[in-house]
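Colleague: Kindly generate the complete structure, drawing on both the sequences and the hints.
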Amino acid sequence: MTFIRNAWYVAGWDSEVDRAPLARTICGTPMMFYRKLDRTVVAMRDACPHRMLPLSMGIREDDSIRCRYHGLRLGPDGVAEEMPLKSDAVNTRICVETFAVAERHRFVWVWVGEKALADPALIPDLWPCSAEGWAFDGGYYHIACDYRLLIDNLMDLTHETHVHSGSIGQPELMEAPIDTRVEGDKVFVTRWMPGVDAPPFWRGALKKPGPVDRWQICEFLAPSAVIIDVGVAPVGAGATVEQHDQGVRGFVVDVMTPESETVSHYFWGMARSFDVDDVGFTARFKRQQSGVFAEDVEILEAQQQAILANPDLRLNAYNIDQGGVRARQIIARKIREQAPVQEAAE
Amino acid sequence: MTFIRNAWYVAGWDSEVDRAPLARTICGTPMMFYRKLDRTVVAMRDACPHRMLPLSMGIREDDSIRCRYHGLRLGPDGVAEEMPLKSDAVNTRICVETFAVAERHRFVWVWVGEKALADPALIPDLWPCSAEGWAFDGGYYHIACDYRLLIDNLMDLTHETHVHSGSIGQPELMEAPIDTRVEGDKVFVTRWMPGVDAPPFWRGALKKPGPVDRWQICEFLAPSAVIIDVGVAPVGAGATVEQHDQGVRGFVVDVMTPESETVSHYFWGMARSFDVDDVGFTARFKRQQSGVFAEDVEILEAQQQAILANPDLRLNAYNIDQGGVRARQIIARKIREQAPVQEAAE
Amino acid sequence: MTFIRNAWYVAGWDSEVDRAPLARTICGTPMMFYRKLDRTVVAMRDACPHRMLPLSMGIREDDSIRCRYHGLRLGPDGVAEEMPLKSDAVNTRICVETFAVAERHRFVWVWVGEKALADPALIPDLWPCSAEGWAFDGGYYHIACDYRLLIDNLMDLTHETHVHSGSIGQPELMEAPIDTRVEGDKVFVTRWMPGVDAPPFWRGALKKPGPVDRWQICEFLAPSAVIIDVGVAPVGAGATVEQHDQGVRGFVVDVMTPESETVSHYFWGMARSFDVDDVGFTARFKRQQSGVFAEDVEILEAQQQAILANPDLRLNAYNIDQGGVRARQIIARKIREQAPVQEAAE
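Which chain is which? The protein sequence lines are A, B and C, in order.
Residue numbering for the first sequence follows the working numbering, starting at 1089 and increasing by one per position.
Residue numbering for the second sequence follows the working numbering, starting at 1089 and increasing by one per position.
Residue numbering for the third sequence follows the working numbering, starting at 1089 and increasing by one per position.
In case anyone wonders, no lab produced these hints; they're calculated from the structure.
Any given hint could be a false lead.
What the hints assert, rightly or not - Just so you have them, the derived chain B footprint on chain C, three or more residues with Cβ under 8 Å:
| # | stretch |
| --- | --- |
| 1 | 1245-1251 |
| 2 | 1379-1392 |
| 3 | 1397-1406 |
As the list claims (entries may be wrong) - Here are some chain C residues the structure puts well away from chain A; computed CB gaps all over 10 Å:
| # | residue |
| --- | --- |
| 4 | T1113 |
| 5 | I1316 |
| 6 | V1413 |
| 7 | E1425 |
| 8 | A1427 |
Backbone N, C-alpha and C fix where the C-beta goes; we use that ideal spot for every residue, glycine too.
Modeller: This is the structure we're talking about:
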């Protein structure tokens, strides 16, 4: 298995989950999601306990779902409320599997594994997506690759030069040294560029001339998020690697959810603490980011196909790949930890 | 294996099989069918005994078939009549597998298993399709589901309320009690509704006002047909569950033939004993029925996909499913009975 | 395995391989090909040794290739020349697999197996494709069948009557006796037709009236080429089976390269020693030949599908199939010979 099961995964943007059911397969399990009248989210196995028709094809009635095949009605707790024949006594042992679900940082999260362990405190801390004084928006790609290839991609920004040569690629970035560091279930790849000329995007954001300190700090959060702290501050304003709100700052946000071993859901966006009320800026940036990430999608799907077509070869890691390597080590360790004892003993 | 092999299956409508070969895979076996000059039907394995090109791509010459690759000519008995090189002596040990075939009730039937057991008396008795004083017509769907899901569907008409809510669904049907009964290789699900108001379709067929007795009697015939006796008779005319030709009566006819474990041929139609010469009625009804069954096709294919996507789950049966459950029990028993002794002993 | 690995296979027409990389999977191995500035051809595994992105998506720089993902640059010998971070020291143990390649007879050839055994002297002798005084042109089909079905097809021209009945089929050809003969790794199927009337194509080529001696000599060359010596000479001019340049002569050239067990690359053409400077004739003939071979593609793909759909059946061989049978025996023997000792010992 290539993914951790006892973990919170993003099932969708808050805006994607509404009163009508949304079907999405997470870690190999078909699920469906809808909002109750109080707007909290219900997550169920997407198969009627009667004859397995996807419940996402059903009709939501108040906070319940009625299967479109024979009309079995299930409450938001997954328990039968009405049999196909209304005259039949309700058998409350009939139920569909439900999943722990939470809404935080603009996303709907679902816990795939053992429900008793689903502690909302374990939701990855994507604070820039929901903090006061920050604006956040983004989009979604359904991508035919292992989610770990996305993590590799995002933890190593040297690919920008080649994959994004026509958009955001900047060869000078390659010259700055990087520092890779593991802290618990997090990995940080830090690039600090003191006293440089600001590139056009950041110059426009800063709205001031003069040399800047610039940073790119990639942070992997298990099971599968990467947020990248980016920005510039005027030289002498006091920005440091640890603390840098003196200029303009944003986070590139990427959350990957495995659908299967070779298909993933990719949620991406940008959070920023400058010009937060400029909705035009938000919309323009989202359109640009969508185009840049479409370039990654093309590369990553080709990479996945090549991995399948060359089963005798292995991925190799160089210096630049240390961020992805460390992230994969954390994932592998957590998979081992949650394995049944007998398996772990092998 | 999910289907009985020693059984007659519908290979096609009588109108589908003509002088030009028709290719159709039945129970996993590629077959081809054509009519001889005397209009009887030939059924052969759809692979030339020489280099396996489908014989259905060949050219029929009189009652024989000539392969389009090298010209091997086979008679309607499957035996070689001419070699690829005409000058070569004919080797009559060269032959293609042929299948027992029969034409009855407007369908062409083929016996898939042991040829010696192919007794035409075993053809399911779809008498309304061919009886004097009855009109019968219908159509064909190629559907990506296990044929037994179709049987389940047809043996339980409660699904009409939800699947066909926009067409023939009638919630009041759900209130009438049903009776499920097994007789040999047949299963009957009977719903008798005495003294009710006739729905519009039956009122128009009856052409009389006043309360009616109404019935729906689903009959499963092994290996895989379901015919549904439907109609109304004026109250007091003497109609009973056993005998009910006092009003207007029809049969919804459904015959399912497995192509593989997850793909089926679905032949459907309507036989009726009223207005039998009204060809406009026949055509209009067929068009309507085609639309209704297309609603089932959508549901059944989604159900099949859900079964494959949720391998840890099982279909469950409630009261309403007893007809399908009994039909599946008969199928399973007949599969066991025809299994070789050593397999059965396991 | 159904193909010989220690052998030269055609990877492409000389005109297909240029400065930009060409991707083609040969015997199950993804490869890519490009020309250096000196026009010699480089063949590499189509997967970057770093993260496996197809190198065919990369950018050729001088004689090297730069991966489009992280920019690893590999020389034409497959060895790393520049790391993704230019500042990183080059690790020359990083390299991609390269393949022995040669250009001959208008084709680019690649040796799939053990590189040390790649002797250009083993390239099949398709001399009419490159001999002085001969003109040669042709095309390419990607065809979904086992390459051996193509060999069977070409070593038995009786199929022309049926497959090409609308184009080149000539029933009279079937009446001439054929002679099948094995010589080392070659198989010859010879049809000599003395004193016959020339068919229209050959009459037009000969530009003379009167009876002719006519021939068709199919030659299989391991691992997978078939060239067919065809033509006519005036009766009495002295043409023999061994020597027949007295009239007009051509070679139908067919080279098959396995992509997988059920997909092949098919390179076909016509070489001729008459009207060699008539480029209009060359173009018209190529267009006609393309249409004829498209008829074979349809048949062969249907045959492959039938083989997969009828796993209980076997291909059978008659007299006319001896050419293909002998060719397959040579292929099977060479596969056995190159198998590791332990496998061969089983």
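Colleague: Each hint needs a verdict: does it hold in this structure or not?
Modeller: Hints versus structure:
1. 1245-1251: This one holds; 5 residues, not fewer than the three required, reach chain B with a Cβ under 8 Å.
2. 1379-1392: Check passed, 3 qualifying residues.
3. 1397-1406: It holds, with 6 qualifying residues against the three required.
4. T1113: Check fails; 7 Å does not lie beyond 10 Å.
5. I1316: At roughly 34 Å from the nearest Cβ of chain A, I1316/C sits farther out than 10 Å, so the non-interface label holds.
6. V1413: 33 Å, holds
7. E1425: Its Cβ never comes within 10 Å of chain A, the nearest being 23 Å, so this holds.
8. A1427: Given that every Cβ of chain A is farther than 10 Å from that of A1427/C, nearest at about 18 Å, it holds.
The earlier numbered hint that this structure contradicts is number 4, and it is the only one.
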